[in-house]
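Peer 1: Sequence:
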Amino acid sequence: MANDDVALAVNNVTKRYDDFTAVEDLSLAVRRGRIFGLIGPNGAGKTTTIRMIVGITAPDVGNIELLGRPVNLESQNRIGYLPEERGLYKKMKVGEQLRFFGQLKNLAPRAADEAADRWLEKLKLADWKNKKTDELSKGMQQKIQFITAVMHEPDLLILDEPFSGLDPVNSELLKETVLELKAAGRTIIFSTHLMEQAEKLCDDICLMNRSRKVLAGSLREVKSGFGRNAVALRYEGETNGVLDDKELVASVKDAGDYMEALLAEGADSQELLRRLVASGARVTKFEEVEPSLHEIFITKVNETS
689 MANDDVALAV NNVTKRYDDF TAVEDLSLAV RRGRIFGLIG PNGAGKTTTI
739 RMIVGITAPD VGNIELLGRP VNLESQNRIG YLPEERGLYK KMKVGEQLRF
789 FGQLKNLAPR AADEAADRWL EKLKLADWKN KKTDELSKGM QQKIQFITAV
839 MHEPDLLILD EPFSGLDPVN SELLKETVLE LKAAGRTIIF STHLMEQAEK
889 LCDDICLMNR SRKVLAGSLR EVKSGFGRNA VALRYEGETN GVLDDKELVA
939 SVKDAGDYME ALLAEGADSQ ELLRRLVASG ARVTKFEEVE PSLHEIFITK
989 VNETS
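Here my numbering is used: the first residue of the sequence shown is 689, the next is one more, and so on.
Derived from the structure by calculation, the hints contain no laboratory data.
Backbone N, C-alpha and C define an ideal beta-carbon position, used for all residues, glycine too.
A couple of the hints might just be wrong.
Capping the alpha-carbon separation at 27 Å, the derived lysine-lysine pairs in DSS-like fashion look like this [said to hold, decoys possible]:
1. 812 to 793
2. 820 to 779
3. 888 to 870
4. 793 to 778
5. 820 to 870
6. 934 to 888
7. 826 to 778
8. 810 to 826
9. 870 to 934
10. 812 to 870
11. 819 to 779
Here are the simulated distance ranges between beta carbons [as the list claims (entries may be wrong)]:
12. 954 to 745: 25 to 33 Å
13. 781 to 902: 39 to 47 Å
14. 913 to 934: 19 to 27 Å
15. 873 to 913: 52 to 60 Å
16. 902 to 975: 37 to 45 Å
17. 912 to 707: 16 to 24 Å
18. 975 to 925: 15 to 23 Å
19. 905 to 798: 41 to 49 Å
20. 906 to 692: 12 to 20 Å
21. 906 to 815: 40 to 48 Å
22. 863 to 798: 27 to 35 Å
23. 912 to 944: 51 to 59 Å
24. 761 to 720: 41 to 49 Å
25. 799 to 913: 24 to 32 Å
Input sequences plus hints: build the corresponding full structure.
Peer 2: Here is the structure:
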């Protein structure tokens, strides 16, 4: 991968707290203009990694580079960060609060106000500008916190569990906004333990467990390399024992209005289809099924726990 393609590079980073290793020998490269999923169970080391990227803490070993240069205080203004634990001032009015956070990122007061107004309108919060934070619902506060992370137009946006506390309508609004930011060329790190969200949003992923990287690559590469061979199947009539042949089908499970057949190692899906048709069964659905990110997550976490 060319250096010009890399927005963020984490190079052999380790972080320890006394006898506990939070992150061990982690390396990853986040490509420009893509959504990078930092995924894993709670306690895997995701938040510690993010805290090192944004400069809250420093690695004991290794280094981190943003746009080809070491991360430092100056480069932090090029990063937007939505932490998992929110940090709004409860008695401060929304507009004043956004101006304050904008100025922390070197925006002039007028520029901060203009950016705040644009984002409040976009996220349907304009009517709440002069309300105090503690008058807002949890979901509204979440959207205000998101605005503090994006209003200075960062090169790198880091979202740690961004959908926590949002109802389905606002989750969809935030998802659309994130995809718009990606389309505009922003680089985004999305940290979560919810695989369905990661699968819908991410171009690339790094799966962490017990402080270490256990799997990384583009979502397509990860799925194609998982080694799972299954088909979604619906049929009418008898199969004359075809699905019971363990040299062809390892297992079959009910998936609602169809069945999912996991093929035996080395078996060919087209051979299964040929034999089903030859048996006299009327096949109405036959589709190869790639593994979900959730399945990969569960398998890899169990392997490394």
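Peer 1: Given the range 41 to 49 Å, decide if the beta-carbon distance of residue 905 to residue 798 lies inside it.
Peer 2: Distance hint for residue 905, residue 798 holds at roughly 44 Å.
Peer 1: Assess, step by step, whether the Cα of residue 810 is no farther than 27 Å from the Cα of residue 826, and give holds or violated.
Peer 2: 18 Å, holds
Peer 1: Residue 799 and residue 913, beta-carbon distance inside 24 to 32 Å?
Peer 2: Taking Cβ atoms as reference, residue 799 and residue 913 lie about 46 Å apart, which means the hint is violated.
Peer 1: Holds or violated: are the alpha carbons of residue 819 and residue 779 at most 27 Å from each other?
Peer 2: The given pair, whose Cα atoms are some 9 Å apart, holds under the 27 Å limit.
Peer 1: At the C-beta level, are residue 863 and residue 798 separated by a distance inside 27 to 35 Å?
Peer 2: 31 Å, holds
Peer 1: Range first: 37 to 45 Å. Now tell me if the beta carbons of residue 902 and residue 975 are that far apart.
Peer 2: Between residue 902 and residue 975, where Cβ atoms are some 29 Å apart, the hint is violated.
Peer 1: Return holds or violated for the Cβ distance of residue 954 and residue 745 against the range 25 to 33 Å.
Peer 2: 48 Å, violated
Peer 1: Is residue 820 within 27 Å of residue 870, Cα to Cα?
Peer 2: Distance of about 31 Å is beyond 27 Å: violated.
Peer 1: Are the Cα atoms of residue 934 and residue 888 separated by 27 Å or less?
Peer 2: 34 Å, violated
Peer 1: Holds or violated: 52 to 60 Å for the Cβ distance of residue 873 and residue 913?
Peer 2: Violated: the Cβ-Cβ distance is about 29 Å, outside 52 to 60 Å.
Peer 1: Would you say the C-beta atoms of residue 781 and residue 902 sit inside 39 to 47 Å of each other?
Peer 2: 45 Å, holds
Peer 1: Using the C-beta atoms of residue 975 and residue 925, is the stated range 15 to 23 Å upheld?
Peer 2: Holds, since residue 975 and residue 925 (Cβ atoms, about 19 Å apart) stay within the stated range.
Checked against the numbered hints above, the structure violates hints 5, 6, 9, 12, 15, 16, 17, 23, 24, 25; every other hint is satisfied.
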